[in-house]
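Novice: If you want the building blocks of each chain, they are given just below.
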Amino acid sequence: MKKMNDEELQKLLFDVLSTEPAEGLPYDFSARVTRRVQAKTRQNSELRLYIIAIAVVSIVITLIYGLFFLLKPQLGSGILTITTDYKWTFVLGIFGFLTIQYLDQVLLKSTFFKSPKR
Amino acid sequence: MFNEREAVTKVLNGDTGAFESLVKQYERLVYVVVSRLLREPEDVEDICQEVFIKVYNGLFRFGFQSKLSTWIARIAYFTGINYIKKYKKEVLINYPEDMEHYHFTDDNPELLLTKKDAAKYIEQLVLQLPEKYRIVISLFYLSEFSYEEICEITGMPEGTIKNYLFRARNLLKQKMEIYLKGELL
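Here the protein sequences come in this chain order: A and B. Okay, so the first sequence: first residue is 1 according to this note's numbering, each after it adds one. Okay, so the second sequence: first residue is 1 according to this note's numbering, each after it adds one.
Fair warning: there could be bad hints in the mix.
Simulated restraints, written as ranges between beta carbons of each label pair [said to hold, decoys possible]: (1) B:T160 to A:I59: 54 to 62 Å; (2) A:I61 to B:Q25: 45 to 53 Å; (3) B:K120 to A:N5: 17 to 25 Å; (4) B:P41 to A:R42: 29 to 37 Å.
To be clear about the criterion: a stretch of chain A counts as covered by chain B if any three or more of its residues have a C-beta under 8 Å from a C-beta of chain B, and this derived list gives those stretches [unchecked claim]: (5) 8–21; (6) 25–33; (7) 36–45.
If you are wondering where the hints come from, they were derived from the structure by calculation, not from laboratory data. C-beta: ideal position from N, C-alpha, C; glycine also.
Looking at chain A on its own, in the form it has when it is part of the complex:
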């Protein structure tokens, strides 16, 4: 068989190095990434919404308390006593709600959007 000269060898090397690998990403890769980005965006806007909702509720509760203390101090202190008595129920309720949200966002959705291994 004929021996390859330097020029032919260079050409072969160039051709092979310029040839794209046969393997690649799955055909639906772009759709999968887009879905993941959409989910992340939705997650962020939901989080923003929760923060706004918590802030609004806190402000409203503070205002109501303030009004009670100003207009009907006895009723105001009564509500404060009930709140203090049941503080752990309130705390656990909020904690439970946030835990469910966390499990929904982090565990369920991330598993759903996780790409299957080839």
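We have chain A already, so just place chain B on it with the hints.
Specialist: Structure of chain B alone, referenced to chain A:
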């Protein structure tokens, strides 16, 4: 034809369809960069996804100072490097300055099998090169980036890139000469 300026504007305005087109346009480039850095194919897709999520989140910072492909390739390169540093510490080692003495694992049975095919043999040799050589050679030949663009992507000086290319090419040529002597003579 893909208009990168138009695509970026649309993505920044929340058009997810435009983002999907952008991913389609650059997924091959990202795949080449990531797959040449990581040897484990099962990690490649996850890292590619991570790259495009970074692209999406950081697109507002892209000011068209460079080509979009260069910017995306840079993100892909550093995501791959960080992944290696984080999970595969043993892979990133300091390679000998004297690349002429770089040792290819010729005894690998897979490699011996593929020796039947010169092109596959070169591919196997490329995959055995150190990461930085592999990436430089891939960006230059496969993705057709210029020296300046490779500098921008990898952060390596131009002289180093030229040196890596020269050494890698020479090394591959030497190995090919030895191989072809055995096959074609």
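Novice: All the hints need checking, so say for each whether the structure fits it.
Specialist: Here is what the structure says about each hint:
Range check, T160 of chain B to I59 of chain A: about 58 Å between beta-carbon atoms, so the 54 to 62 Å window is met. As the Cβ distance of I61 of chain A to Q25 of chain B is approximately 51 Å, the hint placing it in 45 to 53 Å holds. Between K120 of chain B and N5 of chain A the beta carbons are some 22 Å apart, a value that agrees with the proposed interval 17 to 25 Å. Hint check: P41 of chain B to R42 of chain A, Cβ distance near 31 Å, so the stated range 29 to 37 Å holds.
Against chain B, the stretch 8–21 of chain A contributes 12 residues with a C-beta closer than 8 Å to a partner C-beta. That satisfies the three-residue criterion, and the hint holds. Counting residues of the stretch 25–33 of chain A whose beta carbon lies closer than 8 Å to any beta carbon of chain B gives 7, which meets the minimum of three for the stated coverage. Counting residues of the stretch 36–45 of chain A whose CB lies closer than 8 Å to any CB of chain B gives 4, which reaches the minimum of 3, so the coverage claim holds.
Figure legend: structure checked against the earlier numbered hints; every hint is met.
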